[in-house]
Amino acid sequence: MIVAERKPIEEILQMIAPYKKVLLAGCGTCVTICWTGGEKEVGILASQLRLARGKEGDKADTVEATVERQCEKEMVEELRDKVDGVEAVLSLACGAGIQTIAEVFEDKPVFPAVNTTFLGSPEGEGVWLENCGACGDCFLDRTGGICPMVRCAKGILNGPCGGTRKGGKCEIDPDKDCGWVLIYRRLEKQGRLDLMRKYYPPKNFRVVKRPGKMQAIKA
Amino acid sequence: MNGEIIAFCCEHSAYAAADVVGKQGLHYPEKLRVIRVPCAGRVDIIHMLKALEEGAAAVLVLGCEDGLCQHLTGNVRAKERVKYSETLLTEVGIDGGRVGMFNLAANAPHKFIKIINEVNDRIKERERENDSR
Amino acid sequence: MARDFRETLKTKDFIVTAEAAPTKGSSVERSLEHIELLKDKVDALNVTDNQSSVMRYPSVGICLLIKEHGGEAVLQVTCRDRNRLAIQADLLFAWSRGVRNVLCLTGDSIDVGDHKEAKPVFDLESAQLIHLVHTLNSGKDMAGNELNGGTDFCIGTTATPSADPIEPQLVKVQKKLEAGVDFIQTQAVYDLDELKRFMEFVRKHDQKVKVLLGIVPVVGAKMAQYMNDNVPGIFVPQYIIDELAQAPKGTGITKGVEIAARLIRKAKEEKLCDGAHIMFIGKEERVPEILEAAGLL
Numbered sequence: 001m002i003v004a005e006r007k008p009i010e011e012i013l014q015m016i017a018p019y020k021k022v023l024l025a026g027c028g029t030c031v032t033i034c035w036t037g038g039e040k041e042v043g044i045l046a047s048q049l050r051l052a053r054g055k056e057g058d059k060a061d062t063v064e065a066t067v068e069r070q071c072e073k074e075m076v077e078e079l080r081d082k083v084d085g086v087e088a089v090l091s092l093a094c095g096a097g098i099q100t101i102a103e104v105f106e107d108k109p110v111f112p113a114v115n116t117t118f119l120g121s122p123e124g125e126g127v128w129l130e131n132c133g134a135c136g137d138c139f140l141d142r143t144g145g146i147c148p149m150v151r152c153a154k155g156i157l158n159g160p161c162g163g164t165r166k167g168g169k170c171e172i173d174p175d176k177d178c179g180w181v182l183i184y185r186r187l188e189k190q191g192r193l194d195l196m197r198k199y200y201p202p203k204n205f206r207v208v209k210r211p212g213k214m215q216a217i218k219a
Numbered sequence: 001m002n003g004e005i006i007a008f009c010c011e012h013s014a015y016a017a018a019d020v021v022g023k024q025g026l027h028y029p030e031k032l033r034v035i036r037v038p039c040a041g042r043v044d045i046i047h048m049l050k051a052l053e054e055g056a057a058a059v060l061v062l063g064c065e066d067g068l069c070q071h072l073t074g075n076v077r078a079k080e081r082v083k084y085s086e087t088l089l090t091e092v093g094i095d096g097g098r099v100g101m102f103n104l105a106a107n108a109p110h111k112f113i114k115i116i117n118e119v120n121d122r123i124k125e126r127e128r129e130n131d132s133r
Numbered sequence: 001m002a003r004d005f006r007e008t009l010k011t012k013d014f015i016v017t018a019e020a021a022p023t024k025g026s027s028v029e030r031s032l033e034h035i036e037l038l039k040d041k042v043d044a045l046n047v048t049d050n051q052s053s054v055m056r057y058p059s060v061g062i063c064l065l066i067k068e069h070g071g072e073a074v075l076q077v078t079c080r081d082r083n084r085l086a087i088q089a090d091l092l093f094a095w096s097r098g099v100r101n102v103l104c105l106t107g108d109s110i111d112v113g114d115h116k117e118a119k120p121v122f123d124l125e126s127a128q129l130i131h132l133v134h135t136l137n138s139g140k141d142m143a144g145n146e147l148n149g150g151t152d153f154c155i156g157t158t159a160t161p162s163a164d165p166i167e168p169q170l171v172k173v174q175k176k177l178e179a180g181v182d183f184i185q186t187q188a189v190y191d192l193d194e195l196k197r198f199m200e201f202v203r204k205h206d207q208k209v210k211v212l213l214g215i216v217p218v219v220g221a222k223m224a225q226y227m228n229d230n231v232p233g234i235f236v237p238q239y240i241i242d243e244l245a246q247a248p249k250g251t252g253i254t255k256g257v258e259i260a261a262r263l264i265r266k267a268k269e270e271k272l273c274d275g276a277h278i279m280f281i282g283k284e285e286r287v288p289e290i291l292e293a294a295g296l297l
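Protein chains in written order, with the numbering used here: chain A, 1 to 219; chain B, 1 to 133; chain C, 1 to 297.
Hints are computed from structural coordinates only; laboratory data are not their basis.
Hints may contain errors.
[Claimed, not checked] Restricting the straight-line Cα-Cα distance to at most 30 Å, the calculated cross-link-like pairs of lysine-lysine (DSSO-like) are:
id, chain 1, residue 1, chain 2, residue 2
1, B, K79, A, K7
2, C, K208, C, K268
3, B, K50, A, K40
4, C, K222, A, K176
5, A, K21, B, K50
6, A, K108, B, K50
7, C, K12, C, K271
8, B, K124, A, K55
9, A, K108, A, K73
10, A, K213, C, K119
11, A, K169, C, K204
12, A, K166, C, K116
13, C, K119, A, K169
14, C, K283, A, K166
15, C, K210, A, K198
16, C, K204, A, K166
17, C, K140, A, K209
18, A, K198, C, K208
19, B, K50, A, K20
20, C, K268, C, K222
21, A, K203, A, K169
22, A, K40, B, K79
23, A, K40, B, K83
24, A, K82, B, K50
25, B, K31, A, K55
26, B, K50, A, K7
27, A, K166, C, K266
28, B, K50, A, K59
29, A, K166, C, K119
30, C, K119, A, K176
31, A, K55, B, K50
32, A, K166, C, K271
Because the structure is a prediction, the values reported are computed rather than measured.
Full structure from sequences and hints, please.
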């Protein structure tokens with residue numbers, strides 16, 4: 001799922017400073033799961049904004065709404081009445097959701113209250129780890145199901161690099177595992193180290209030309 | 001809720017203690033408003049923030065002593081939420097000390113009064129500081 | 001005039017290389033001092049490429065300076081800052097100006113350097129880079145086009161014998177050997193048993209490649225600890241940290257030189273490998289002391 005984190009509050013306050021009435025729009029899917037932009041978080045952020053602006057004697061008028069999936073135009077359309085009544089929209093959805101709102105309500109300033117960071121899975125309660133780089137050229141068959149594009153900090157295809165820390169931790173972050181050590185251990189467990197011993201030529205980085213586009217077949 | 005001290009009290013501990021305070025006619029600050037909850041863990045972040053929005057001077061969560069929560073981890077979760085609320089308040093320039101978590105047992109009415117009085121004293125001190133600015 | 005490094009690798013018993021790191025700035029004065037000091041004392045001078053992800057004068061620039069002053073240069077190329085087009089272009093330039101030796105590296109991460117917000121490239125990594133150089137050497141580019149003038153680089157790479165765990169690292173080493181390298185300059189090794197284990201593995205797959213033991217002198221217990229925590233690929237063992245801690249105040253550098261020379265001498269006497277590569281960052285002027293103490297001058 002898509003993981004996002006709330007922006008620093010100062011950034012958010014600055015973005016909406018010129019606006020008296022703001023709609024805080026949440027999303028019921030990915031950002032709800034990672035506790036960043038669901039209905040609950042919308043309520044908390046709205047309260048914080050009211051407290052912050054109330055402190056300065058500046059009454060902030062906030063409207064709160066959460067749609068099931070903010071990246072769907074039809075669902076975002078449901079917010080029309082609320083959007084019409086505000087001066088700006090502060091979206092807590094991922095970048096896809098924020099842009100959908102911006103596109104559907106083209107004349108309304110739309111601001112991101114969160115930073116969309118990665119595609120990942122929960123590693124533990126409240127902890128998410130990136131595990132897919134959306135590179136368009138999936139390599140997981142050759143690495144025992146561990147993505148070298150993002151589990152390896154340098155995204156190399158023939159790893160590990162020479163910087164692995166003691167105990168198999170990553171050169172960049174001692175709290176993270178070296179992706180290639182993980183791949184080694186996984187393939188060793190399965191008796192398929194021959195996959196890692198193979199040389200992989202340079203990656204095709206142009207499989208997905210940004211912005212990526214896909215036409216699904218209508219059945 | 002103007003200037004009130006809102007106290008969310010767990011019915012197994014703090015609320016029972018508050019009850020004794022009432023029955024024994026012990027003194028506590030006028031501005032105290034006790035709200036009974038089945039467990040401290042029932043109180044969520046939005047409750048604390050909204051109470052402050054509506055003018056509460058302070059919001060307290062009072063639950064069972066460590067290890068004695070009837071719902072096992074309600075008081076632990078409450079503590080985490082109070083801590084998080086503190087950071088959310090500090091972020092927007094509001095004194096994080098206006099929320100707080102306290103643990104006590106049902107048979108501790110004097111501890112209840114002590115907690116409320118200390119909170120009240122801090123509120124008064126803060127008011128004095130604000131006035132003198 | 002320095003001897004062609006490829007020739008040296010073929011014929012010399014114990015090969016010695018050192019580093020002439022570029023400095024930050026357009027001035028090459030300091031680098032020139034180091035070049036003058038070392039060019040006749042070692043078989044080749046490596047020039048690092050934005051070492052530790054800190055922006056510096058380009059490697060190829062100092063390589064040209066070395067050539068101009070009669071030394072032999074090894075161009076270090078990392079994959080962190082350039083994509084495959086830029087790397088191929090840079091190598092064609094280097095070859096055209098007399099640079100004959102290339103060390104292929106993946107490169108330290110952006111985060112250990114001083115431009116921490118830069119975009120890392122890593123279009124390739126070291127094994128793919130080795131293949132790339134072979135491709136240029138065969139007169140073609142990576143897209144299969146014939147070159148109007150190719151190259152014939154002597155190819156080297158690095159390895160980390162102290163890696164823990166070692167097995168994944170050796171998988172990578174094997175790929176590099178299979179890609180074909182003329183020499184390996186290892187990351188710093190302080191425990192010669194690690195070197196022995198490494199050599200056993202290398203010789204199983206390639207009897208001809210020359211392996212030069214990486215020497216990074218450590219001049220204090222604190223520095224050793226810092227390097228362990230912050231410099232990728234370096235693991236100073238506790239007993240060396242202890243030895244450094246016990247050295248009297250002010251004798252840190254001397255102790256570091258002593259330990260370095262000791263390692264080189266032992267490696268040479270016991271024929272553990274084919275040479276040494278000395279990396280005394282920031283203290284290049286003390287390299288001759290190490291060479292002397294190791295009996296290499």
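30 Å limit on alpha-carbon distance, applied to hinted pair B/K50 and A/K40: Within the cut-off at roughly 13 Å; holds.
Is it true that the CA of B/K50 sits at most 30 Å from the CA of A/K7? Roughly 22 Å separates the two Cα atoms, so the pair holds.
When you check the alpha-carbon spacing of A/K213 and C/K119, does it fall within 30 Å? holds, 24 Å
Is A/K108 within 30 Å of B/K50, Cα to Cα? Judged against 30 Å, a Cα distance of about 28 Å means the pair holds.
For a C-alpha distance cap of 30 Å, please report whether C/K140 and A/K209 respect it. holds, 27 Å
Would the hint linking A/K40 and B/K79 be met if the CA-CA limit is 30 Å? holds, 18 Å
C/K119 and A/K169 were given as a pair; does the straight-line alpha-carbon distance stay at or below 30 Å? Satisfied, since the Cα-Cα distance of roughly 22 Å is no more than 30 Å.
Need the status of pair B/K31, A/K55: alpha-carbon distance at most 30 Å? holds, 22 Å
Need the status of pair A/K82, B/K50: alpha-carbon distance at most 30 Å? holds, 22 Å
Going straight from one Cα to the other, do C/K210 and A/K198 come out at no more than 30 Å? holds, 23 Å
Do the alpha carbons of A/K198 and C/K208 lie within 30 Å of each other, as the hint requires? Measuring from Cα to Cα gives roughly 22 Å; hence the hint holds.
Compare the distance between the alpha carbons of A/K166 and C/K271 with 30 Å, and conclude whether the hinted pair is satisfied. Distance ~28 Å between A/K166 and C/K271 Cα, so the pair holds.
This entry satisfies every hint, going by the numbered hints stated previously.
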